[in-house]
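**Q** Start from chain H and add chain Z with the ligands according to the hints.
If you read the sequences in order, they're chains H and Z. When we follow full-length UniProt numbering, the leftmost residue of the first sequence carries the number 1, and every step to the right adds one. When we follow full-length UniProt numbering, the leftmost residue of the second sequence carries the number 1, and every step to the right adds one.
Just so you know, these hints were derived from the structure itself, not from any lab. It cannot be assumed that every hint is accurate.
What the hints assert, rightly or not - Within a straight-line C-alpha distance of at most 27 angstroms, the following computed DSS-like cross-link-like pairs (lysine-lysine) qualify:
(1) H:K289 / Z:K336
(2) Z:K61 / Z:K364
(3) H:K259 / Z:K347
(4) Z:K61 / H:K259
Said to hold, decoys possible - Quick look at which bits of chain Z chain H covers, simulated, 3 or more residues with Cβ under 8 angstroms:
(5) 236-244
(6) 283-295
Claimed, not checked - Examples of chain Z residues toward chain H, derived with CB under 8 angstroms:
(7) P118
(8) G168
(9) R172
(10) E179
Keep in mind the model is a prediction, meaning the values are calculated, not measured. Where a beta carbon is used, it is the ideal one built from N, C-alpha and C, also for glycine.
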Amino acid sequence: MSKAAQKHGGSSAPPGQDDDICPVCKSARYLNPNMRFLVNPTCYHKMCESCVDRIFSQGPAPCPVAGCGRTLRKQRFRRQTFEDLQIEREVDIRRRVSTIFNRREEEFLDLRNWNDYLENVETLTFNLLYNIEVPETEAKLAAYAAQNSDSISRNAALASAEHDSTEAAFAAQKQAARVRREESLREDEEDRQDRLREDREAQERIAQGSTAKVTLKKSTARRKDGAKGAASSGNAGPSAAPAFEIQGLKPVAAPEPTKAYDPFGGLRIRSEYFAQQRSCEHPWLDKAKNDPAIVTGGYDVREYCARAMVEAFAGMGVFVDDEVGTGGGQAAATERAAIAAGTDNRTEDVL
Amino acid sequence: MAVSPMITYEQQSDPSPSDTKQLPLRTTSVSSLQDAAIAATQQAQDFAERLNEETRSKYVKDKKLGEGTYAIVYLGHLSRDPSSLVAIKKIKINTEFRDGLSMDAIREVKYLQELSHPNIIALDAVFSSKNQNLNLVLEYLPLGDLEMLIRDTNGIQYGTAEVKAWMGMLGRAVWFCHENFVLHRDIKPNNLLIGADGEVKLADFGLARSFSDPYRPMTCQVITRWYRPPELLMGARFYSGAVDVWSVGMVFAELILRSPFVPGSTDVHQLEMICEGVGTPAETNWPGVTSLPGYVSFDKRSLGARDRNYFVSRFGTAGPIGVDLLMSMLALDPRKRCTARQVLEHKWWSVEPQPTDKQDLPKKGGGMEKMGEDLKRRGGEVDDSRSERVARKLDFGAR
Ligand SMILES: Nc1ncnc2c1ncn2[C@@H]1O[C@H](COP(=O)(O)OP(=O)(O)OP(=O)(O)O)[C@@H](O)[C@H]1O
Ligand SMILES: [Zn+2]
Ligand SMILES: [Zn+2]
Chain H
1 MSKAAQKHGG SSAPPGQDDD ICPVCKSARY LNPNMRFLVN PTCYHKMCES
51 CVDRIFSQGP APCPVAGCGR TLRKQRFRRQ TFEDLQIERE VDIRRRVSTI
101 FNRREEEFLD LRNWNDYLEN VETLTFNLLY NIEVPETEAK LAAYAAQNSD
151 SISRNAALAS AEHDSTEAAF AAQKQAARVR REESLREDEE DRQDRLREDR
201 EAQERIAQGS TAKVTLKKST ARRKDGAKGA ASSGNAGPSA APAFEIQGLK
251 PVAAPEPTKA YDPFGGLRIR SEYFAQQRSC EHPWLDKAKN DPAIVTGGYD
301 VREYCARAMV EAFAGMGVFV DDEVGTGGGQ AAATERAAIA AGTDNRTEDV
351 L
Chain Z
1 MAVSPMITYE QQSDPSPSDT KQLPLRTTSV SSLQDAAIAA TQQAQDFAER
51 LNEETRSKYV KDKKLGEGTY AIVYLGHLSR DPSSLVAIKK IKINTEFRDG
101 LSMDAIREVK YLQELSHPNI IALDAVFSSK NQNLNLVLEY LPLGDLEMLI
151 RDTNGIQYGT AEVKAWMGML GRAVWFCHEN FVLHRDIKPN NLLIGADGEV
201 KLADFGLARS FSDPYRPMTC QVITRWYRPP ELLMGARFYS GAVDVWSVGM
251 VFAELILRSP FVPGSTDVHQ LEMICEGVGT PAETNWPGVT SLPGYVSFDK
301 RSLGARDRNY FVSRFGTAGP IGVDLLMSML ALDPRKRCTA RQVLEHKWWS
351 VEPQPTDKQD LPKKGGGMEK MGEDLKRRGG EVDDSRSERV ARKLDFGAR
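Here chain H stands alone, though its shape is the one from the complex (with noise of 0.2 angstroms):
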């Protein structure tokens, strides 16, 4: 391929009298001022539309720019978009790699990272352009994009988003002035209407020959509906006047690649070797299981159980409470003892 496409992508013909003759049928847009041509990005040659329908209608075909051959296909021809097909081609690229290479910023640690990574990607799109070791860089992109998948996919999601919600807010922006705009009219058409009233009025009064009083009353009435004019149209007006401005679109926050939350915070205790012993049998607990002045608040003898085993297998100095105050001495002993490294200065009461 690498040849080839050097050959022939690397050297299109100067734009001008190329641009109005068929390479493939020879016929001059100069006759024919309809003629459009048509490229296909396998190989960037370009030809006329009837040409492409002549030879690539029946299914896939060589292409018969002459040296090129590739199979072509038609539904892959398009029109240009740029004059320069050496652009009409970069574009392409640059395009395809970016949907890979979609990394963003704010997921590097920092500018120096965020740097070197473009530029390992410009190098990458460099050699595509100018088919450079294109095995090799064509590898190497397939590899990133498998290994990358999900990163693509998510941050292709965030892009969408992106774009959508900046669409979003010019349709906004553009159906708020609209908004306005009906506003201010229907505003002017209903200032218009009160004018014609009061002077209406005022020619009735006049023809009247009605007090100064009630045209008093009138002012009022009208200089408190002006204010309220004014509150409302004062309420449109900042976002009327600066014309046109999207701030604070915050990119959305890439949604971490959570892991399952875990109630019991990444600890587990020793909780199947309990579930064994659960019941535990002695003489000495069995009011204890039973007696409804011990259980019906809820004391549980198993869960004395499995303290006594922790305790007999680990040991563990687990101190005996003297809750009711009138415990012996030996609890409250071990209490101070407790504190004793810090704090005791009558060490005799804990002997």
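**A** For chain Z with the ligands alone, coordinates are given in the frame of chain H:
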């Protein structure tokens, strides 16, 4: 913690005599041995004094942060590193005490020393100051407590994802206590302090104790009234971790309602409010309840337990599965109440919405950027530019 385990079945089956037998043995030792003992004691005392001095000099007390019933809390820092802050809780000596130390302080030290967990306040050190005051060096938690957030209905908005995050942290703390056989017995929003990173930490172990041994009654005068379960209100002296789970359920309800669920003004009133809000205890839903010492009959309002629809109507924002969890935490019969472990095993944690990350949780005043954002946002809404509203909506949706 250099204490050997001292519980054996035999001793416990007959606790009082064996407890007292050991002390007299020591006091009646031969007098020549006594002198040696005194000398040894003196040595140990000096050593303890030196240790204490060392610990004390490691910290510097700064300004006062607040005052509770039995302690004053100061901000402090490490002498060698002024940027590393601690809270120093100085126990007042004049309250209920025993041999110079209040029981609350003893409990707090004892249990905090044992429990090391991200959702339980850490106790770094203990020392006594010159006038024999006990000082606990605690982890400094600068962002207030959960109560402040619940009450600040003007300044702080939150939703189910935030409630879930806070409940998750509370659930872990209580589960961890119970796994280590410690009852906290004073769970309430005001004892749930918040760290700089948004982590909720269970604090105030002044009423904690370990699970009791069989036949050993406990006091029922624990847990702040609004969070106290019916079995304690009815005077049960034998109870379990279920008492804490009830309090957790009450905190859950309060987070949703943003006001206490059953704020009784007396113990009797509290029971009445529970009857109305949660259901009326009866033999049908709680076998044996009528034999509890403090049982009073509530025949005039014999509703039995409140049904699901009622809970859904009041706590629907938690979602149907959240309502299930709440109801199982507020079961009247403590034996039917779920355990702290079952709380964490509940399905609610895995359904949408996911709990908010702790660093994104709303913060009291301190979260200045957040407040600034809110202000900006509100300002933005005043000038009715529609485009702004649209953009904001998208921004929210994506979060
Ligand atoms: N670790 C801490 N970090 C920061 N502030 C704290 C810390 N512990 C306590 N405080 C502050 O000190 C105040 C007093 O705390 P303390 O636990 O002694 O009393 P309380 O819990 O408010 O009341 P009570 O002990 O009567 O229930 C608290 O309200 C809190 O503002
Ligand atoms: Zn042609
Ligand atoms: Zn070709």
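**Q** Give a verdict on every hint.
**A** The hints, checked one at a time:
1. With a C-alpha separation of about 16 angstroms, the suggested pair H:K289 and Z:K336 falls inside the 27 angstroms cut-off, and the hint holds.
2. The suggested pairing of Z:K61 with Z:K364 holds, with an alpha-carbon distance near 25 angstroms, which does not exceed 27 angstroms.
3. Under the criterion of a C-alpha separation no larger than 27 angstroms, the hint pairing H:K259 with Z:K347 is consistent with the structure, at around 17 angstroms.
4. At roughly 42 angstroms between alpha-carbon atoms, Z:K61 and H:K259 are farther apart than 27 angstroms, so this suggested pair is violated.
5. A stretch counts as covered by a chain when three or more of its residues have a beta carbon under 8 angstroms from one of that chain; for the segment 236-244 of chain Z and chain H the count is 8, and the coverage holds.
6. A stretch counts as covered by a chain when three or more of its residues have a beta carbon under 8 angstroms from one of that chain; for the segment 283-295 of chain Z and chain H the count is 6, and the coverage holds.
7. Here the hint on Z:P118 is kept, as its CB sits about 7 angstroms from the closest CB of chain H, short of 8 angstroms.
8. Annotation: Z:G168 was flagged as interfacial toward chain H, and the flag holds, the nearest CB pair being 6 angstroms apart, inside 8 angstroms.
9. Interface restraint check: Z:R172 against chain H, minimum CB-CB distance 5 angstroms, threshold 8 angstroms, status holds.
10. A least Cβ separation of about 5 angstroms between Z:E179 and chain H falls short of the 8 angstroms threshold, and the interface hint therefore holds.
The earlier numbered hint that this structure contradicts is number 4, and it is the only one.
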